[in-house]
Amino acid sequence: MSVTRLFGASVKRREDPRLITGRGAYTDDIKLPGMLHMAVLRSPYGHARIKAIDTAKAKAHPGVRAVYTGADLLGRMNPIPCAWLIPDSDLKVPAYHALAKDTVRFTGDGVAMVIADDPATARDALDLIDVDYEPLPVVTSQEQAAATGAPQLHDDAPGNLAFHWKFAHGDVDAAFRDAEVVVKHRFVQQRLVPNAMEPRSAVASWNPGAEELLIYNTTQNPHIARFLTAVTTSIPENKIRYIARDVGGGFGSKIPFYPGDALAVFASKDLGLPVKWTEDRRENYVATIHGRDQITEVEMAAKRDGTMTGLRVKALSNMGAYLSTAAPGVPTWLFALIVPGCYTIQNYACDVFGYFTNTTPTDAYRGAGRPEAAFLIERMADLLAAEVKMDPVEIRRKNFIPADAFPYTTAGTLSYDSGNYQAALDKALAMVDYAGLRQKQAELRQQGRYLGIGLSTYVEVCGLAPSAAAGAMGFQGGLWEPATVRVLATGKVVVLTGTNPHGQGEETTFAQMVGDMLGVPVEDVDVVHGDTGAIPMGWGTYGSRTTAVGGTAIYKATVKVIEKAKKLAAHLLEASPDDLEFEQGSFRVKGSPGKAKTIQEIALMANVAWNMPEGMEPGLEESTFHDPTNFTFPFGTHICVVEVDADTGEVKIERYIAVDDVGVVINPMIVDGQVHGGVAQGIGQALYEHAIYDEGGNLITGSMMDYTVPNATQIPTIETARTETPCPHNLTGVKGVGETGTIASTQAVVNAVVDALSPLGISDIEMPLTPERVWRAMRAAQASAAPTGQP
Amino acid sequence: MRQKISVNVNGVPRENEVEPRLLLVQYLRESLNLTGTHIGCDTGQCGACTVLLDGQAVKSCMVLAVQANGAQVRTVESLASGDAYHPVQQAFWDLHGLQCGFCTPGFLMATVSLLQRNPNPTDAEIREQLEGNLCRCTGYQNIVAAVRSAAEKMRAAPAASPTPMPAGAGGE
Ligand code: FES
Ligand code: FES
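Residue numbers (this note's numbering), protein chains in the order written: chain B, 1 to 791; chain P, 1 to 172.
In isolation and in its complexed conformation, chain B is listed as follows (with noise of 0.2 Å):
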């Protein structure tokens, strides 16, 4: 099969012309008849008890359709449902009622709600619903959580323990008896705000004649949407059909579950009148998840050599109030599995404790448990390498699983599949010029100035999933994915995709595929997605799946499609299958170029079937339903070269390298595009980006205002290359891009900070490393230097 023309090329994408002209769909801009407007009421303590709600007020309010509380919802709304149930870790799931029962527990936990005539009116109407608070005692930290004596949030999960889950491989003992090194560090996670650009909405429209649900909805599944709004309204999922065709940016956010999206679909069923509900910029921040938040304290065993040998892990994850939807597998599965990275450290056991804070509740942020993992052994690399006195790229390439030992089995007991870490290294390493910038880091040195270059050599684990390892994970779902090929009579295709694009550009990406593979023009080829109507199944997009799972599920369809138009080719042609050769969109006899039939032609005779083999149904469709074999694993390297103001503490980044192994290149324009934006997130991470809870439980960084998204001055150009090493296991060879960026990048920022005021004897600095942050830590450093004169 020839596929050349289109795979490969930096294809313009053709979502672009409706979002540049104002005419995208998102789902704030649907408006249906009779439509409702929904707002709610929203705690404004971090843990109380509510003694009493008076509505009458707010129910009287003109304008004002229907008031309800947590009362009103019961035995009619089941709880808000954990859809990752992590096993042999006594996982505690505490109910998460859309609107209180009586106990809040985060602020912006849900009240009440008002539905009115239109948005306006339903928010005027909040300020008059009385409700009698009794203030509880407030923790915000998994460290305050975990103390005796800290106040409890939920009866049955006693000291706030979420779950405790375990992971060793190895002889770990045996690796930290032996130790010539040991390494230690506590590193904290910071927690994070996705602040996609697009706040949350849901269009909620019950058809009380046919007794079905239509509801618009910002997700990036709606297919697990549909079930979990099964199971949390008991309306049959058959009834049920979600769309969500342009969606805002989600990095995560946008995969739960939430109590609006099940308060809509009440108030609508009710009232029998759609109902709107959009989020502002204020409830996203106490209301749509958070991530991160993790404390690590780790141990690394190391001979004299360099050669790491045994890694231990503590963890204490920051779960919030209640466990979101895919909240537990986060911190545990998704974290600790990729923790040894690329190295060949066979001793290995993480612990990590799930606690319950007053806090909103994290969930899967862009790379979600996976910049973590990076982080904290690319941060480790670095110690060592300071420890046993090398440079970090000679400590990288003594650890380095080689390049010929793959399929590798990890000590997280994962197989990476391939990889040549040894290479992306080099790569990087060249275009930034390392040994010319460590002389220039010497010379700065002797001027005052401080120069620093930071490396992350990552691997991470994405193509979520084989569906048996989703299963033994304890995720109450598959990660295969379906997809469907149909060609219409006039030759125009149709594809199906269960997987939800919301700027990663698939709409392109898969025409370009099937454009190829068929031999049609791309612009015949249409993209389906983010419709349970139209689409029977899917898992969504998440966890860098969507080409990797989802393209390759559309790959085997398409390849069936030719396989079924071939043998009609073969009949019309009356030749053998065999004889005939299909290319540039017809098949050929072979040796007979005259006889030939386009798949155009193909296409027209299979539906409308009036001369068909025997045997053989009508139409151009098939469908497959594609379960990978393994996850898949992109790596590279990633360098930072920064200089750090002495006086004011400022990082100022220099050069940024990125040269990353997605595999196979559907759409260079596309990749670029998704790893400037991953590193983006990174950089936020490292330099930014801070969620920040006061004693009371108040999230004081709750606005853009107060919570740093960077903005184009704050970013530098990224110089992005790569080397190419195909995925060995699906039929493209595609990895995934998604998260690369943001997974790579945070620790190569503050390596490279560190590395700046190594002079200084500073090891670390936690993130973000505000100006603040660096100048204190240089002036402490500076002045427990003093008293023996040394700079």
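It should be emphasised that the hints constitute simulated quantities derived from the structure, not laboratory data.
Careful, some of the hints might be misleading.
Straight-line C-alpha distance at most 16 Å; calculated EDC-like pairs for lysine to aspartate or glutamate [stated by the list, open to error]:
#1 B:Lys12 <-> P:Asp94
#2 B:Lys564 <-> B:Asp627
#3 B:Lys31 <-> P:Glu30
Cβ-Cβ distance ranges computed for the label pairs, FRET-style [as the list claims (entries may be wrong)]:
#4 P:Arg155 <-> B:Pro81: 53 to 61 Å
#5 P:Gly44 <-> B:Pro81: 32 to 40 Å
#6 P:Gln56 <-> B:Asp280: 49 to 57 Å
#7 P:Gly11 <-> B:Asp280: 28 to 36 Å
Quantities reported herein were computed from a predicted structural model and do not represent experimental measurements.
Note that CB positions come from ideal geometry on N, CA and C, so glycine has one too.
Given the coordinates of chain B, work out where chain P with the ligands should sit on it, guided by the hints.
What follows is chain P with the ligands alone, placed relative to chain B:
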């Protein structure tokens, strides 16, 4: 007390009665059904709602509809004329200056305004002048490239710069 306003939106004269507290962005989206202008924060930080008010880029969540009385408003829906995209739109498409597209209308309008003020900006100037527009997807790199490219094209063919105002782009 509803107030009567007359606003010229994308070349179409409009007369509406609005609540005094109605934001311009809500007026555009709700009253005129011009949903290309997005709301990312409604507190003036994200720039998703940027439109041109009498030729100046403003965040339409920071302007009341009544303040636009008597003014000319241009939204993203007015940029293309027929099948011909504005050079700024074209450059964003050509150079992959958008992913999810939610921030894009705001960036397009801010860029049109930027290039009116400064037809030949440096990369640093582009980044500084787009500081008020946030994008969570692109890392800004291709946005900067698109603005640079649009500037070049518009300098080369200045006639294309003042976009004709099509009468049919008024929405609803
Ligand atoms: S919506 Fe106006 S600046 Fe964000
Ligand atoms: S393209 Fe998604 S926020 Fe800019």
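Status of the hints after comparison with the structure:
Simply put, Lys12 (chain B) and Asp94 (chain P) have alpha-carbon atoms about 6 Å apart, close enough for the 16 Å limit, and the pair holds. Restraint check for Lys564 (chain B) and Asp627 (chain B): not satisfied, since their Cα atoms lie roughly 22 Å apart, outside the 16 Å limit. Between Lys31 (chain B) and Glu30 (chain P) the CA atoms are separated by roughly 9 Å; this keeps the pair inside 16 Å, and the hint holds. In this structure the hint that Arg155 (chain P) and Pro81 (chain B) lie 53 to 61 Å apart at CB holds, the actual value being about 57 Å.
Restraint check, Gly44 (chain P) to Pro81 (chain B): a C-beta distance of roughly 37 Å satisfies the suggested window 32 to 40 Å. At roughly 25 Å, the beta-carbon separation of Gln56 (chain P) and Asp280 (chain B) lies outside the given 49 to 57 Å, and the hint is violated. One distance hint, 28 to 36 Å for the beta-carbon pair Gly11 (chain P) and Asp280 (chain B), holds here, with the actual separation near 31 Å.
Comparing the model with each numbered hint stated earlier shows that hints 2, 6 do not hold.
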